[in-house]
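**Student:** Letter by letter, the chains look like this.
Number of protein chains: 4
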Amino acid sequence: KAVNIDKVLDEIAEDEIISHSRLLQTATSVREISKQLQRRPVKMTVRNVMIVTKARDNELVYRTRELAEWLLCTPRYGSDVGVNVYVDHKLRRSARFDMQSLLAKDSRFKDMLRFWTPDLCWTSPEKFDLVLTLGGDGTVLFTSWLFQRIVPPVLSFSLGSLGFLTNFEFPRYKDSLDKIMGDVGMRVNLRMRFTCTVYRYQKHAGPGTPEHIEAEQFEVLNELVIDRGPSPYVSNLELYGDNNLLTVVQADGCIFSTPTGSTAYSLSAGGSLVHPDIPAILLTPICPHTLSFRPMLLTDSMLLRVAVPRNSRATAYCAFDGKGRVELRQGDHVTIAASQYPFMSVLSQPTEWFDSISRTLRWNNRGAQQKAW
Amino acid sequence: KAVNIDKVLDEIAEDEIISHSRLLQTATSVREISKQLQRRPVKMTVRNVMIVTKARDNELVYRTRELAEWLLCTPRYGSDVGVNVYVDHKLRRSARFDMQSLLAKDSRFKDMLRFWTPDLCWTSPEKFDLVLTLGGDGTVLFTSWLFQRIVPPVLSFSLGSLGFLTNFEFPRYKDSLDKIMGDVGMRVNLRMRFTCTVYRYQKHAGPGTPEHIEAEQFEVLNELVIDRGPSPYVSNLELYGDNNLLTVVQADGCIFSTPTGSTAYSLSAGGSLVHPDIPAILLTPICPHTLSFRPMLLTDSMLLRVAVPRNSRATAYCAFDGKGRVELRQGDHVTIAASQYPFMSVLSQPTEWFDSISRTLRWNNRGAQQKAW
Amino acid sequence: KAVNIDKVLDEIAEDEIISHSRLLQTATSVREISKQLQRRPVKMTVRNVMIVTKARDNELVYRTRELAEWLLCTPRYGSDVGVNVYVDHKLRRSARFDMQSLLAKDSRFKDMLRFWTPDLCWTSPEKFDLVLTLGGDGTVLFTSWLFQRIVPPVLSFSLGSLGFLTNFEFPRYKDSLDKIMGDVGMRVNLRMRFTCTVYRYQKHAGPGTPEHIEAEQFEVLNELVIDRGPSPYVSNLELYGDNNLLTVVQADGCIFSTPTGSTAYSLSAGGSLVHPDIPAILLTPICPHTLSFRPMLLTDSMLLRVAVPRNSRATAYCAFDGKGRVELRQGDHVTIAASQYPFMSVLSQPTEWFDSISRTLRWNNRGAQQKAW
Amino acid sequence: KAVNIDKVLDEIAEDEIISHSRLLQTATSVREISKQLQRRPVKMTVRNVMIVTKARDNELVYRTRELAEWLLCTPRYGSDVGVNVYVDHKLRRSARFDMQSLLAKDSRFKDMLRFWTPDLCWTSPEKFDLVLTLGGDGTVLFTSWLFQRIVPPVLSFSLGSLGFLTNFEFPRYKDSLDKIMGDVGMRVNLRMRFTCTVYRYQKHAGPGTPEHIEAEQFEVLNELVIDRGPSPYVSNLELYGDNNLLTVVQADGCIFSTPTGSTAYSLSAGGSLVHPDIPAILLTPICPHTLSFRPMLLTDSMLLRVAVPRNSRATAYCAFDGKGRVELRQGDHVTIAASQYPFMSVLSQPTEWFDSISRTLRWNNRGAQQKAW
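Protein chains in written order, with my numbering: chain S, 14 to 386; chain C, 14 to 386; chain X, 14 to 386; chain L, 14 to 386.
By construction, these hints were calculated from the structure, which means they are not laboratory data. Do not rely on the hints blindly, as some may be mistaken.
[Said to hold, decoys possible] Under the rule of at most 27 Å between Cα atoms (straight-line distance), these lysine-lysine pairs were calculated in the DSS-like manner:
(1) LYS192(X) - LYS48(X)
(2) LYS118(L) - LYS48(X)
(3) LYS48(S) - LYS48(C)
(4) LYS187(S) - LYS140(S)
(5) LYS216(C) - LYS67(C)
(6) LYS118(X) - LYS192(X)
[To be verified] Residues of chain S clear of chain X, computed beta-carbon distances all greater than 10 Å:
(7) TYR186
(8) ARG213
(9) ASP265
(10) TYR278
(11) CYS300
(12) ALA327
(13) LEU360
[As the list claims (entries may be wrong)] Beta-carbon label-pair distances, calculated as ranges:
(14) ARG326(C) - PRO184(L): 29 to 39 Å
(15) ARG185(X) - ALA327(C): 21 to 31 Å
(16) LYS118(C) - PRO184(X): 57 to 67 Å
(17) ALA218(X) - SER137(S): 30 to 40 Å
Don't be surprised by glycine CBs; every beta carbon is placed ideally from N, CA and C.
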């Protein structure tokens with residue numbers, strides 16, 4: 014029986030006005046629901062597994078073969094074989110992946126071993142019940158880029174030391190996957206992504222035609238960076254929140270980071286570390302000209318807009334998760350909003366985030382320490 | 014007709030297991046409800062107004078008298094007089110407040126002019142429909158301290174320049190209050206507070222008796238500061254989240270700040286500016302010994318606990334919104350949790366927070382600026 | 014009678030070995046000499062004054078005319094006329110400067126009013142006894158650029174608010190210049206500049222030919238910036254001091270700043286404020302990847318060298334006082350050394366530097382302040 | 014033949030006025046002398062060696078015995094025995110040091126093995142030609158404290174990992190000391206110390222008697238910290254340089270650090286890393302209330318003075334190298350000046366400082382790193 018949250022929304026909507034005790038009570042309840050949801054395990058039948066890796070890395074291709082074979086062979090859900098596996102279509106002709114020897118093991122594998130393309134991810138994300146990544150944090154970012162709309166649950170294996178986004182150890186993959194595909198199920202994080210949309214200013218827009226037209230759109234998992242690019246001049250960027258001018262940014266650039274991205278570029282520029290469950294947009298300036306323009310966290314219910322003024326001397330450049338350098342010319346703007354398509358990552362353990370930062374930032378190793386006599 | 018959120022919670026609770034699409038859908042709906050709630054105006058009949066001010070400041074006492082008189086005299090809600098007014102019981106004998114001349118104006122005022130005490134705020138917060146503060150941010154913190162449980166809506170007037178928490182200009186009080194008590198109603202922020210509870214270690218606890226007993230408890234609106242106090246030695250503080258040891262803090266101290274407090278002490282120690290709508294706990298270290306121990310934002314659904322190890326050389330000291338220096342001795346701990354009693358502040362305008370930081374931090378005034386030729 | 018410091022150097026050089034008490038004694042004496050020199054006024058006959066301004070700014074051209082006229086007309090050094098004045102050769106035909114009406118005032122002015130070109134500054138800096146700048150800090154940087162070798166004493170007027178480098182108020186120019194050209198004399202700061210030299214890697218250097226040849230050379234007063242330019246990739250820059258590899262810089266870039274430049278770009282990137290009398294080279298990383306790679310001050314007796322590794326994926330870009338974007342390709346390097354040609358700026362008063370920072374950074378205006386009740 | 018720097022000073026003093034080219038020339042020469050001095054090896058006959066260690070640490074006492082025995086026994090300077098050794102007088106009765114078995118080895122040792130006391134260091138520092146420390150950076154700070162006036166050359170051994178101040182590995186002591194006491198000699202750093210003097214305000218000073226009298230005086234090698242101590246209130250500290258009011262510090266405290274101390278407490282509070290050869294005083298605020306009050310480097314030719322205003326609500330506390338908590342009451346002040354008694358530390362190698370920071374701050378280990386795909 015489905016929970017009818019829509020009905021709740023309708024009911025709230027009917028109340029034009031609300032008393033302060035009702036507001037308080039409702040807010041408390043909503044907080045409680047959020048909390049419950051975070052702790053709820055997800056369980057489902059995993060019939061189709063996608064594997065993402067760097068097809069150019071030989072070692073990773075061998076591990077992909079190993080993993081694919083194990084998934085195909087290990088009996089699941091009452092069958093005497095395993096589940097369908099999608100691997101990168103680039104591996105179809107890879108000698109190291111050696112598809113033929115795999116298909117030779119069982120005639121049914123011919124149907125069960127499949128190949129994904131970026132196009133398939135774009136058009137049919139629902140085909141995949143679970144995505145496994147093999148590699149570093151970059152491979153996870155690539156997976157986010159593949160799924161510009163709905164993202165299946167993603168479980169990330171690291172072959173060497175664990176990263177911020179890769180929290181499962183590859184050597185223990187059998188144990189991890191048996192649990193998740195078995196009775197235990199999995200707990201997931203809904204990691205916020207941003208929908209970033211570039212709008213181009215139409216200088217010669219006639220009457221009745223819009224001044225701006227929509228151009229590129231990207232989902233980002235880490236951050237949008239806007240900087241001055243190769244220009245020696247700094248552009249003054251206008252920052253709007255829900256159409257109100259909040260401030261004019263005078264800096265080498267600014268970073269709009271998700272909580273997930275708080276351990277990446279934003280950290281180098283002085284931003285805080287932000288737990289991925291917090292619904293917030295980090296605005297971290299790069300070399301701001303005003304010392305009091307400090308890193309900030311904005312509410313994710315806000316629609317942000319960054320505009321290059323029409324009379325600006327300089328233009329600006331956008332990079333989306335480090336990719337796709339797009340120039341913002343005079344009059345153009347880019348909007349940033351919490352996406353309706355979060356990135357669903359499988360949690361290795363409740364303190365996963367803390368473990369990743371203390372491991373990667375070497376927390377418990379003292380640096381400068383005042384000496385006592 | 015009341016919205017039955019409890020029923021929703023029950024329904025969610027029945028599902029032991031949830032599919033990932035259901036999880037995603039529910040999470041999206043809950044986010045939407047949160048968003049709607051933030052934008053919903055509160056409207057109610059304001060029959061009892063409390064005024065908080067510094068009773069020792071002559072200027073403020075004169076303004077309190079002016080405000081009280083106007084509230085008592087201005088006809089509201091179909092009556093030919095105004096509403097009940099509670100002023101500080103210390104003003105009962107104040108020559109400057111001059112209660113007698115006020116009561117002489119209308120015989121009904123004898124009943125309508127009332128006096129509050131900290132005790133009344135503690136036992137009967139529901140007596141007040143609206144609290145007005147006159148003074149600076151310190152007066153707002155004092156109001157938060159008065160209401161250790163439910164807080165009525167608080168509207169804060171500044172007599173001079175506006176502060177982070179005082180967003181209404183006193184000279185325009187008639188206009189502001191006529192709107193709020195009239196058909197327009199008010200929009201409020203539910204500002205998170207923390208419930209901080211000190212637990213004392215019982216060294217000689219017998220078998221069957223608890224190792225720790227609860228001691229002081231405070232609601233804080235800005236922050237809890239834990240530092241080494243007068244001791245030259247730094248204590249290593251153990252930080253637990255939901256009973257997992259997250260890290261050991263080696264620093265002169267650490268600040269647990271609400272988003273509201275992000276513009277106060279936390280900012281001086283290097284913390285980020287955090288919009289008050291974001292449900293997060295800021296952990297800002299003071300002079301950390303490890304350079305990578307950066308300011309952090311933790312999810313407010315976590316129960317935090319800071320403990321002084323039993324074998325620690327030094328003790329630590331807690332201050333709650335700058336008040337009440339409490340020593341944590343070896344084995345003691347203090348817990349920090351998002352309070353179920355938020356601080357309800359009346360919003361002056363949607364961009365109030367941005368206005369306050371750009372005004373107070375002088376954002377649009379350039380500091381260091383690279384010169385162009 | 015000239016002080017024979019060279020003789021002292023010779024004497025020191027003769028001692029191959031020195032005892033520790035001698036070393037201590039000599040070091041103390043040298044410190045004392047340095048201190049005395051800083052406090053010594055400079056006095057000389059100023060017969061030739063150069064004026065630098067922005068020839069495109071109308072207001073500044075009018076002020077230049079006013080100043081030139083006053084300098085030419087005011088009797089000095091026993092003559093009944095003033096001193097020779099050099100103005101920008103671009104003003105020769107300026108209607109606003111109106112040379113003709115000036116020359117008409119006194120037949121001797123035809124010889125006394127002269128015009129400078131960048132070429133003259135380069136070949137004959139000794140022609141100028143004093144340089145006056147009218148404009149902002151940018152005009153002072155331009156003056157530094159004009160004098161790539163010996164710099165005459167420079168006195169900088171501001172027309173509006175004073176800057177970091179412009180410490181004299183134009184409205185009081187008569188008083189200031191009468192003192193300096195009279196019996197009072199002037200006190201000067203010898204502001205360190207860097208000599209930055211770009212060396213190009215010769216890929217196909219034959220045997221016996223050098224691997225690197227010298228290319229561009231610049232004197233900088235504020236800073237050398239090395240960054241990744243338009244490239245999305247960060248180059249790992251090798252930092253050498255006196256030919257020892259000190260570290261490999263992983264960052265968006267790094268700034269080598271003089272103490273004078275410590276209030277400019279370096280400050281935006283997190284550098285400290287450094288008094289201009291301190292002989293040090295600031296190394297301030299831009300968005301470093303290692304949190305412990307903090308801003309640093311290196312001794313100015315070191316020869317620094319920054320190299321792009323031969324196998325680097327990316328190149329790097331140099332900017333000298335914000336000018337002259339030069340690409341460093343794989344194998345190239347740039348050296349930074351304290352220049353033997355410091356920038357001699359006339360001091361307005363002993364606390365000039367403190368005044369400039371408290372004024373420009375708005376020191377005595379509190380920003381975030383913890384509120385007391 | 015001694016270099017007569019005093020004569021140079023006299024000659025400079027005779028010139029009341031100096032031309033700008035003379036000033037430039039002299040300044041350049043003085044810089045050159047400084048540079049030469051830094052690179053000059055110190056050579057002398059080491060006849061008396063003092064060993065400083067923690068007498069309570071058993072391991073260190075065994076190593077002290079080993080070192081003392083080797084120094085006593087190894088023939089030097091044409092004799093068939095070694096040099097005189099001073100050990101801590103607390104070891105006279107130490108069973109672990111076992112003086113008797115040492116004296117039994119050679120009858121001459123009775124005269125050669127001597128014992129130092131803090132008193133002897135205070136009255137006769139010239140008795141020691143070389144000081145060896147065994148332990149951590151704290152032991153080096155303790156040695157600085159022992160020698161409040163002239164400091165003999167100090168060579169610091171570390172038993173475990175090297176620290177900021179301990180740059181020689183104990184296991185290789187024979188090799189290191191043979192070189193230094195042989196023909197190679199040693200290179201030393203003259204590390205700046207501060208002379209800090211507390212002055213007490215005499216409230217009831219009669220006419221003709223001074224308002225302030227001198228109280229405590231300390232030489233510090235790392236830093237002077239002035240903070241609010243146990244008080245919840247922040248005192249506004251007045252900062253004077255050469256008797257000019259520079260600013261009023263509103264902060265939890267401020268740190269006056271030597272370059273040597275730049276890797277200690279100052280670093281935790283956000284200060285820069287400063288090479289020990291740079292003659293500068295670091296002023297690093299602790300949690301400043303004004304965001305633009307940034308860490309600063311002041312020239313060491315300045316006499317700094319920090320005063321608690323007479324009408325201050327709060328007092329302040331001083332700590333000298335982490336020791337000796339002294340209260341500054343209303344009207345008191347403390348002065349900070351570069352000491353005429355620097356700390357002479359033996360250099361292990363030219364890049365010693367860079368090695369120590371890259372080792373201790375883990376420079377070449379990446380922390381946060383932007384991931385490439």
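**Student:** Give a verdict on every hint.
**Tutor:** How the hints compare with the structure:
1. A threshold of 27 Å between alpha carbons decides the hint, and for LYS192(X) with LYS48(X) the separation of about 24 Å falls inside it, so the pair holds.
2. Proposed proximity of LYS118(L) and LYS48(X) is contradicted: the alpha carbons are some 54 Å apart, above 27 Å.
3. Distance hint between LYS48(S) and LYS48(C) is fulfilled; the C-alpha atoms sit about 16 Å from each other, no more than 27 Å.
4. Restraint check: the Cα-Cα separation between LYS187(S) and LYS140(S) comes to about 23 Å, which is no more than 27 Å; the hinted pair holds.
5. In summary, the hint linking LYS216(C) to LYS67(C) is not supported, as the alpha carbons are separated by about 43 Å, beyond the 27 Å threshold.
6. A distance of roughly 26 Å separates the Cα atoms of LYS118(X) and LYS192(X); the hinted pair therefore holds under the 27 Å criterion.
7. TYR186(S), annotated as away from the interface, keeps every beta carbon of chain X farther than 10 Å; the closest lies near 30 Å.
8. For ARG213(S), the non-interface assignment is confirmed: its Cβ lies about 21 Å from the closest Cβ of chain X, beyond the 10 Å cut-off.
9. Taking the minimum C-beta to C-beta distance to chain X, about 7 Å, the non-interface status of ASP265(S) is violated against the 10 Å cut.
10. With a closest Cβ-Cβ approach of about 7 Å to chain X, TYR278(S) is found to fall inside the 10 Å limit, against its non-interface label.
11. Under the 10 Å C-beta cut-off, the non-interface status given to CYS300(S) relative to chain X is violated; the minimum distance is some 4 Å.
12. At the 10 Å boundary, the C-beta of ALA327(S) stays outside the reach of chain X, the nearest C-beta of that chain being 13 Å off.
13. Consistency note on LEU360(S): stated as away from chain X, and its beta-carbon is indeed over 10 Å from all of that chain's, at 26 Å minimum.
14. Judged by the Cβ atoms, the range 29 to 39 Å given for ARG326(C) and PRO184(L) holds: they are separated by roughly 31 Å.
15. As the Cβ distance of ARG185(X) to ALA327(C) is approximately 57 Å, the hint placing it in 21 to 31 Å is violated.
16. A beta carbon spacing of about 59 Å between LYS118(C) and PRO184(X) agrees with the range 57 to 67 Å that was offered as a hint.
17. Hint check: ALA218(X) to SER137(S), Cβ distance near 57 Å, so the stated range 30 to 40 Å is violated.
Violation of the numbered hints given earlier is confined to hints 2, 5, 9, 10, 11, 15, 17; the remaining hints are satisfied by the structure.
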